[in-house]
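*Asks:* Chain by chain, the residues run as shown.
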Amino acid sequence: MLEPMIEVVNLTKRYSGHLAVANESFTVERGQVVGLLGPNGAGKSTILRILSCFLAATSGTVRVAGYDVFTQADEVRRRIGYMPENNPLHLDMRVREYLKFRARLKGLGVSASHQRVDAVMEMCSLTEVQKRIIGQLSKGFRQRVGLADALVHDPELIILDEPTIGLDPNQLRNVRQLIKDLGRKHTILLSTHILPEVEATCSHVLILHQGRILASDGTDNLHRKIFQRSPVVTELSAATNDLQEFFATQPEVETCDIISIDGDWKRVTMTSREGLELRPQICQWACEQRWPMRELTHGRHTLEDVFVKITRTEKEE
Amino acid sequence: MRVYLTLLRRELASHFLSLSGYVIVSMVLLLLGFSIMDMLPKLQGEPTDTPITRIFYATVYFWMLMLLTTPVMTMRTFAHEKSTGTFETLMTAPVSDLEVVFAKFSGALVFFMVTWLPLGGYMVILHEYTNQASASFDYRTLITTYLGIGLLGSVYISLGCFASALSRSQLIAAALSYGMGLTIFLLSLRALVPIPMAGWQAKIFTFISLTEHLEDFSRGIIDTSNLVFYLSLTGFFLFLTLKVVESRRWK
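From first to last, the protein sequence lines stand for chains A and B. Residue numbers in the first sequence follow the numbering used here, run continuously in steps of one, and reach 317 at the last position. Residue numbers in the second sequence follow the numbering used here, run continuously in steps of one, and reach 251 at the last position.
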């Protein structure tokens, strides 16, 4: 059994007077794609900077692939590909030249860097722009140059700080797809404050708020845990009173909310008691009552809801 | 070593393949031209044994060049990378802080030395056009002059790197290194200005004077004490730079 990719124990980071990360621990196993989720200023970038050996922790130990980030920084840096926030690049260099420079910097030999640069340019669809000056490229291309740089030495762990910030929807889709593809071979830790992004790309999620980790779980698990009683939404054609009376008498239904939409159609949002599956039941009821039905769906929560819910309960405590 | 060379190459490219690099080169050329214009009348008097390179050191333009161009050459070394954020990508690659500091310093020093090359050309021109056969031109003093310029330059460039490492803004970096550079230059003159001093104070100020140590080089003398003086000053500023670069990990 290999040691976990990232092992953070009691990490605290204090900037002068301000606590950025408060005594947190977490691990990331090899092969996971983990999303570090939190609002701006939650301490995401701080954690990523400590992991990439750019900053030192105030206290606690951080290990990447079994190496300590403070005492064995060189070993750690050889194993990670890090793309900082806002993806800084040398804008006066050409794409190929820049990637070559970075590859050499990361210790690749002449022929190895040549091969790897070709490979990552292919992977990130940069081959056509390899001779262009980075400063003249669009944001989407620059982002891919940043990703290519993170990948060029074939690192075990890829750390991306807000990789999709400021991209248009098409570029967004491309970059997400790229991250997903990379996730098959590499361990990835990415930070974001965009919630659907985590759902789109990550297998695991760490929710961070004011320097504390509020939740850490698989993306699916988190859904299930927090919304055991997810609402069921159905659209039926019937009188509001009939619906109200009927659902009020059913023991399985806990709450029921009816709103009129176009014509006779009503949208009914229900939650079940004790996490029962309501949908087959509703279907049956609609048949029995001869109510025409045009929609029956499970109200799927976005991570946005998860996030709001977690941060709110935290405050209440 | 490979990392150092890669970084050095990048530094040289950033100096030579940029518009600002050529602005600096033309500024240096202009000032060098002025200094030669300033020197010519002084050469028209009685024959003298004073080496021409010594006369050159005494021109105000030489010091203007030293004090004004080095902050501009070095201001971008760290400050630019910090403000654009590329410092983060640089330091998260497996490079050592020492390699980074040394590459930035030596890149700027190489650029600095290249901008001084036309000076040799002026000397050759002067030699060609002088009509006195007895006026000898010793190319070896030119070499020691370059050595002196290089050593003094490395002091100023290491100081500039230090100032640049302190700040995110290139402007502040330039102002800081100009201020510090001017201060140590004025301290050098303290032995002579406002009134020539005598006794132990004079000795101390002469000892720490940048100009005094330069005298020997212009006469063609390489004295180890001068070498040690400039190299230790350079080493001191590079050490400070290294500590500033490292400080992000102990703050």
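Worth double-checking, as some hints may not be accurate.
Covered stretches of chain B (chain A as the covering partner; in silico rule of three or more C-beta atoms under 8 Å from a C-beta of chain A) [to be verified]:
#, segment
1, 76-86
2, 172-182
Some but not every residue of chain B turned toward chain A, in silico, with C-beta under 7 Å [as the list claims (entries may be wrong)]:
#, residue
3, Thr-6
4, Arg-54
5, Met-91
6, Ser-106
7, Lys-203
In short, the hints are calculated from the structure, not lab data. Keep in mind that this is a model prediction, so the values were computed, not measured. For every residue, glycine included, the Cβ atom is placed at its ideal position computed from N, Cα and C.
*Asks:* Work down the list of hints and note, for each, if the structure agrees.
*Replies:* Results for each hint:
no.	hint	in the structure
1	76-86	holds (count 3)
2	172-182	violated (count 0)
3	Thr-6	holds (4 Å)
4	Arg-54	violated (41 Å)
5	Met-91	holds (6 Å)
6	Ser-106	violated (16 Å)
7	Lys-203	violated (45 Å)
The earlier numbered hints that this structure contradicts are 2, 4, 6, 7.
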